[in-house]
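The chain contents come next:
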Amino acid sequence: MRDSSDSAGLKRAPAPRRTLAITGADAFLGRNLIGLLEDDDRIGRIVALDVKQPSTAGPKTRFYKVDLTQPSVDARLAEILAAEGVDTFLHMAFLASPTHASAWAHELESVGTMHVLNACKERPVRKFILWSHTVLYGASPSNPNFLVESQPLRGNPESRFLRDKIDAEEVVARFAQQMPGTLVTVLRLAPILGPTVHNFITRYLGRKVVPTLAGFDPLWQLLHEVDALAAFKRAINVDVPGTFNIVGDGVLPLSTIIRLAGRTRVSVPHPMAYPMTRALWAAQLSEAPPTFLDYLRWLCVADGERARTALKFVPSFTTREAVLDYAGAQSLRDANLLRSVG
Amino acid sequence: MTKDPRDMARRVLGDDPFAAQPAQKSEAARAPSNKGKKLDARKKKAPAPKKRTAPPGAPAPADDAASVNIAAADDVASVNIAAADDVASVNIAAPEDVVSVNIAEADDVASVNIAAAEAVATAAVSAPSLRVDFAPSRDVAAEIAALQVQLRALRVEVEGQPEHREALAGLAEVLRGEGEAVDVEAPAVTGLQAPEHVEADESSPTGVSRELLSSDFYLRQWGRIALRDRGEEVDPFGYDPEVARRWEKTLDFLYDRWLKVEVEGIEHVPATGRVALVANHGGAIPVDGVVLATALRKEHPAQRQLRWLAEDFVFHFPYAGTWANRLGAVRACQENAERLLARECCVALFPEGVKGISKRYRDRYKLQRFGRGGHIKLALRTRTPLVPVTIVGSDDAHPLLGQSPLAAKLLGLPYLPVTPTFPWLGPLGMVPLPTRWKIVFGAPLRLDEYEPSQADDDVLVGRLNERLRATIQETLDRELRGRSGWFGIGG
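Protein sequences, first through last, are from chains A and B. Final position of the first sequence in my numbering is 342; the numbers increase by one with none missing. Final position of the second sequence in my numbering is 1491; the numbers increase by one with none missing.
To be clear, the hints were calculated from the coordinates, so they are not data collected in a lab. Quick caveat, the model's predicted, so the values are computed rather than measured. Idealized CB from N, CA, C, for every residue including glycine. Incorrect hints may have been included.
What the hints assert, rightly or not - Listed next, the in silico SDA-like pairs over lysine to any residue satisfying Cα-Cα at most 20 Å (straight line):
1. B:K1355 with A:P141
2. B:K1438 with B:S1484
3. B:K1355 with B:A1342
4. B:K1260 with B:M1430
5. B:K1409 with A:K312
6. B:K1409 with A:S331
Unchecked claim - According to the in silico footprint, chain B covers these stretches of chain A (three or more CB under 8 Å from chain B):
7. 73-79
8. 252-262
Given these sequences and hints, build the entire structure.
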């Protein structure tokens, strides 16, 4: 991936051959980003931090087995940062989908971020990049059609998934105030969709029959996986502190997305849907807990203008194209599955 | 009548539609097969037909296309020729990357040439009498050669079938009847003309992939039928032109026959540029937004599209909120209004908000408080002219008898109105009573004399707000004087 946009008044990141640390290195974003950065001459070394070595690790990558849920992990992280001379820290150890293991998720996301920040205080880095989500704004009928970065994060507090991530954003915001020497960039990504990514959105749209709420057809906004990676590359290459919504262009009604994905929709009245989803979630048969039904009801669409002007990030896929790209790969998977079964 | 259909087509078109494109020579020459070379050598002599660049996936709903030529297209994601009744010949020459070629439902395809394509992923011709299928393989040259052989066999087969000969003969007759020299640019093949944006997008690295992804191929594969009743894309605020078009007739009936809307002073709405219409709000189930939008569409010389701002609670309602949103309603808030005005839209504001629609029937046409003057601040900040709009009839259309907090709570709604028809008649109760409506547009209030910074001047905002309110209330009173008490009927 060539980066051609380091122009127009943006300060170039100094000194080639920088060292970059990535937490959550074996997750979708981390793994692909390591693969991309292996080819990037400006990066001298990649420090991969995870419990498992990423398969994309090349000669530039040095893997450290680090479990962010361990109590003494901040000291170990600080040691690694000092030993490797880390310049940029990418904190991406977050879960892409809601999990039943919410206590563990809390340790990883909320407490884990605290450990990471403690290490970055002990041994300061030049730049800190956080992966965050636009779903944290929360779906609500009182949302404006386009949420800007200054909007408070009003994600449903009953959802552990959202609350832990909001916690992480809050501590990072505090860290940014305490550490004026560190550039803090927070990227709030719209739900990622694409041919290779797996998360609860792809599983939801991958159902043969996709449940929606009767009479509700909110506008959705998605981000193609390539654009998600491009945004992080962008944030690594230029020094622009701040919070940015990273979103694909355009919106689509949920029903159109389901139709484009070639699926059938079944409408459930919303007073019934909440208890039903609770039961299904408890039985591990649904992709997300009932708090996520809000996103099937109301708007949660963010405005990507700031990323466009300040970060100079321009998505190359619209929401519709992301859906079509996903749908193409998904139908191929379906076909392969059919063949292997039959 | 000559026996050879190719000769007929050649005669009719004054050209050889079966001839290969010049660009094909080099590619076909690489083919190891002698047959391919031979074919090529034969074609070299023939003059090249008119080149036409195909847009990715351009469908040609050609009923009688004598010949379809697609030449030298660099990146063709897919070529689809569908529902062609009589295609004499299809030539696809020298495209660098053809992902797929589909010729479907063609009744009579005389010949298909796909030559020198570097990468043809799939090509399929499905017609009652002809079928060419070949799977992708690494050795493109060999594949092309094999294809040529196959095609030649097919052509012989076609020539041997009298019904196809007759069909082609008939086609030749038809074409000859329309003129000696039939222009190849006949409307039958206009679907293959290249759109302008192909060139423009080519420069950016993502342009090519974007082009491919927005091709019709994807739409046809994943939802031509499913997307029949909706737009493929909505605007950023959720307006779907396709849904709006489908509702046009119903709304026209509601407007002309049911509510018998009368309009006065519509010339006060400028034809272009940002403008905010400030109107009174009425009816327990507000339909004034959609009626006002219909009025502008039908009566305004520029057919201005209206975006109206609806209260939050509308979006709590199943169906109603979605429906209103697809037709142009947007949630009422400063951010949305500013964004819409920045797009130079015509925006309708109902500053009374919920107070306007939740007033009792006895208080009908008594303007409620005009919010806190948010609309005035908006107009000052964005330098937007305000057009006062008086709507008479909306308060009678859904007289509010009361509210049902218990049912509202059970259904998870913030408010459930009770009117003479709703909820008794179910969804049918949402239809307004057939009252007679009148919409009066007043002279625009221009705030150009003030500075945008004066939006913070609460005294000024209050004064302007009161002036606007008084204008609308005066017009309401004037219009009501001449109106029958019985919902305006017969008055």
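Each hint tested on the structure:
1. B:K1355 with A:P141: With a Cα-Cα distance of about 19 Å, the restraint between K1355 (chain B) and P141 (chain A) holds, given a limit of 20 Å.
2. B:K1438 with B:S1484: Status holds; Cα separation ~13 Å.
3. B:K1355 with B:A1342: Violated. K1355 (chain B) to A1342 (chain B) sits at ~28 Å, over the 20 Å cutoff.
4. B:K1260 with B:M1430: OK: K1260 (chain B) and M1430 (chain B) at ~18 Å, within 20 Å.
5. B:K1409 with A:K312: 47 Å, violated
6. B:K1409 with A:S331: 42 Å, violated
7. 73-79: With 0 residues in contact (Cβ-Cβ under 8 Å with chain B), the coverage given for the region 73-79 of chain A is violated.
8. 252-262: holds (count 8)
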